[in-house]
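Hey, can you work out the whole structure from these sequences and the hints?
Single-letter residue listing:
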Amino acid sequence: GDSVTQMEGPVTLSEEAFLTINCTYTATGYPSLFWYVQYPGEGLQLLLKATKADDKGSNKGFEATYRKETTSFHLEKGSVQVSDSAVYFCALHGSGNTGKLIFGQGTTLQVKP
Amino acid sequence: EAGVAQSPRYKIIEKRQSVAFWCNPISGHATLYWYQQILGQGPKLLIQFQNNGVVDDSQLPKDRFSAERLKGVDSTLKIQPAKLEDSAVYLCASSFARGEKLFFGSGTQLSVL
Chain A
1 GDSVTQMEGP
11 VTLSEEAFLT
21 INCTYTATGY
31 PSLFWYVQYP
41 GEGLQLLLKA
51 TKADDKGSNK
61 GFEATYRKET
71 TSFHLEKGSV
81 QVSDSAVYFC
91 ALHGSGNTGK
101 LIFGQGTTLQ
111 VKP
Chain B
1 EAGVAQSPRY
11 KIIEKRQSVA
21 FWCNPISGHA
31 TLYWYQQILG
41 QGPKLLIQFQ
51 NNGVVDDSQL
61 PKDRFSAERL
71 KGVDSTLKIQ
81 PAKLEDSAVY
91 LCASSFARGE
101 KLFFGSGTQL
111 SVL
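Those sequence lines, one after another, are chains A and B.
Residue numbers for the first sequence follow the numbering used here, so the first one is 1 and each next one is one higher.
Residue numbers for the second sequence follow the numbering used here, so the first one is 1 and each next one is one higher.
Derived by calculation from the structure, the hints in this document are not laboratory data.
Check before you lean on any hint, since a few could be wrong.
Claimed, not checked - If you only want the chain A side, here are some residues facing chain B, beta carbon under 8 angstroms, derived:
id, residue
1, Leu13
2, Gly43
3, Leu44
4, Leu46
5, Ala86
6, Phe89
7, His93
8, Thr98
9, Lys100
10, Phe103
11, Gly104
12, Gln105
13, Thr107
Said to hold, decoys possible - Restricting the straight-line Cα-Cα distance to at most 25 angstroms, the calculated cross-link-like pairs of lysine-lysine (BS3-like) are:
id, chain 1, residue 1, chain 2, residue 2
14, B, Lys15, A, Lys56
15, B, Lys101, B, Lys15
16, B, Lys83, A, Lys49
17, B, Lys101, A, Lys52
18, B, Lys44, A, Lys52
19, B, Lys15, A, Lys49
20, B, Lys101, B, Lys83
21, B, Lys101, A, Lys60
22, B, Lys101, A, Lys68
23, A, Lys77, B, Lys101
24, B, Lys83, B, Lys44
No residue lacks a Cβ here, since even glycine has one placed at the ideal position from N, Cα and C.
Structure, rendered in structure tokens:
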């Protein structure tokens with residue numbers, strides 16, 4: 001079945017460091033891919049998405065490119081801030097066209113000043 | 001616009017007791033989802049509604065979990081009887097239609113002792 005695998009956390013970085021959070025997926029066909037973010041005490045929020053191969057999603061300085069050949073959707077940011085500390089989830093639309101999301105296990109990012 | 005509302009925010013019960021969670025989706029959103037998020041894992045879909053009909057409940061433990069969405073608006077999720085392994089955050093999400101952006105509530109954190 002469809003699944004998403006993320007790199008283990010926590011990831012601890014200093015402010016202004018470069019961030020990469022790896023995400024790979026297994027799916028039937030070419031699903032839309034997403035990154036969601038969960039700030040402490042808040043609900044999940046959509047960070048960015050890509051709907052087809054080679055698409056690049058971007059938002060708030062974060063980017064991720066849909067790589068069909070490597071079935072990956074790695075999240076990157078050139079210079080992280082303390083306010084980026086959160087849990088990041090990679091997700092895809094499950095097969096069957098129901099719109100449901102299948103999530104990875106989440107990666108905790110902690111940015112230190 | 002008002003977001004997805006969930007209550008209660010926290011609930012502590014003993015095993016074998018019953019518990020119910022409530023969700024009020026964003027007005028006009030036809031699709032409603034209940035997810036279970038166990039600590040350290042990504043959210044897992046329990047049930048999906050389209051208006052007041054069930055689209056997907058393949059991962060709902062039907063011997064103890066039940067959900068309804070009366071009149072295609074509010075929804076309740078019930079657990080009876082609860083087990084220790086039901087300790088998790090229960091997230092409600094809604095979208096205007098299948099495949100559209102999901103909006104998540106803040107969740108209900110359940111602890112089963």
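Hints, verified against the model:
Checking leucine 13 of chain A against chain B: minimum C-beta separation of about 20 angstroms lies over 8 angstroms; hint violated. For glycine 43 of chain A, the interface hint holds, the least distance from its beta-carbon to any beta-carbon of chain B being 4 angstroms, beneath 8 angstroms. At its closest, the beta carbon of leucine 44 of chain A sits 4 angstroms from a beta carbon of chain B; the interface hint therefore holds under the 8 angstroms criterion. A hinted interface residue such as leucine 46 of chain A counts as satisfied when its beta carbon comes closer than 8 angstroms to some beta carbon of chain B; here the least separation is about 6 angstroms, so the hint holds.
At a threshold of 8 angstroms, the smallest CB-CB gap from alanine 86 of chain A to chain B is about 14 angstroms, leaving the interface hint violated. The interface hint given for phenylalanine 89 of chain A is met, as the beta carbon of that residue sits about 6 angstroms from the closest beta carbon of chain B, less than 8 angstroms. Look at histidine 93 of chain A: its Cβ gets to within about 7 angstroms of chain B, closer than 8 angstroms, so that hint holds up. At about 5 angstroms, the closest approach between the beta carbon of threonine 98 of chain A and any beta carbon in chain B falls short of 8 angstroms, and the interface hint on this residue holds.
Interface restraint check for lysine 100 of chain A: the shortest CB-CB distance to chain B comes to about 5 angstroms, inside 8 angstroms, so the restraint holds. A least Cβ separation of about 3 angstroms between phenylalanine 103 of chain A and chain B falls short of the 8 angstroms threshold, and the interface hint therefore holds. Here the hint on glycine 104 of chain A is kept, as its CB sits about 5 angstroms from the closest CB of chain B, short of 8 angstroms. Taken as an interface hint, glutamine 105 of chain A checks out: its beta carbon lies about 5 angstroms from the nearest beta carbon of chain B, inside 8 angstroms.
Of the supplied interface hints, the one on threonine 107 of chain A is violated, with its beta-carbon coming no nearer than about 10 angstroms to a beta-carbon of chain B, more than 8 angstroms. For a cut-off of 25 angstroms, the pair hint linking lysine 15 of chain B to lysine 56 of chain A is broken: about 46 angstroms separates their Cα positions. Restraint check: the Cα-Cα separation between lysine 101 of chain B and lysine 15 of chain B comes to about 36 angstroms, which exceeds 25 angstroms; the hinted pair is violated. Of the pairs offered as hints, the one joining lysine 83 of chain B and lysine 49 of chain A is violated, with about 36 angstroms between alpha carbons and a cut-off of 25 angstroms exceeded.
A threshold of 25 angstroms between alpha carbons decides the hint, and for lysine 101 of chain B with lysine 52 of chain A the separation of about 16 angstroms falls inside it, so the pair holds. Of the pairs offered as hints, the one joining lysine 44 of chain B and lysine 52 of chain A holds, with about 24 angstroms between alpha carbons and a cut-off of 25 angstroms not exceeded. At roughly 40 angstroms between alpha-carbon atoms, lysine 15 of chain B and lysine 49 of chain A are farther apart than 25 angstroms, so this suggested pair is violated. A C-alpha spacing of about 32 angstroms is found between lysine 101 of chain B and lysine 83 of chain B, which places the hinted pair above 25 angstroms, so the restraint is violated.
Of the pairs offered as hints, the one joining lysine 101 of chain B and lysine 60 of chain A holds, with about 18 angstroms between alpha carbons and a cut-off of 25 angstroms not exceeded. Using a Cα cut-off of 25 angstroms, the hinted pair lysine 101 of chain B and lysine 68 of chain A holds, with the two alpha carbons roughly 22 angstroms apart. Annotation: proposed proximity of lysine 77 of chain A to lysine 101 of chain B holds, straight-line Cα distance about 23 angstroms (limit 25 angstroms). Note on lysine 83 of chain B and lysine 44 of chain B: the hinted pairing holds, with a Cα-Cα distance of about 17 angstroms set against a maximum of 25 angstroms.
Of the hints listed earlier, those the structure fails to meet are numbers 1, 5, 13, 14, 15, 16, 19 and 20, in rising order.
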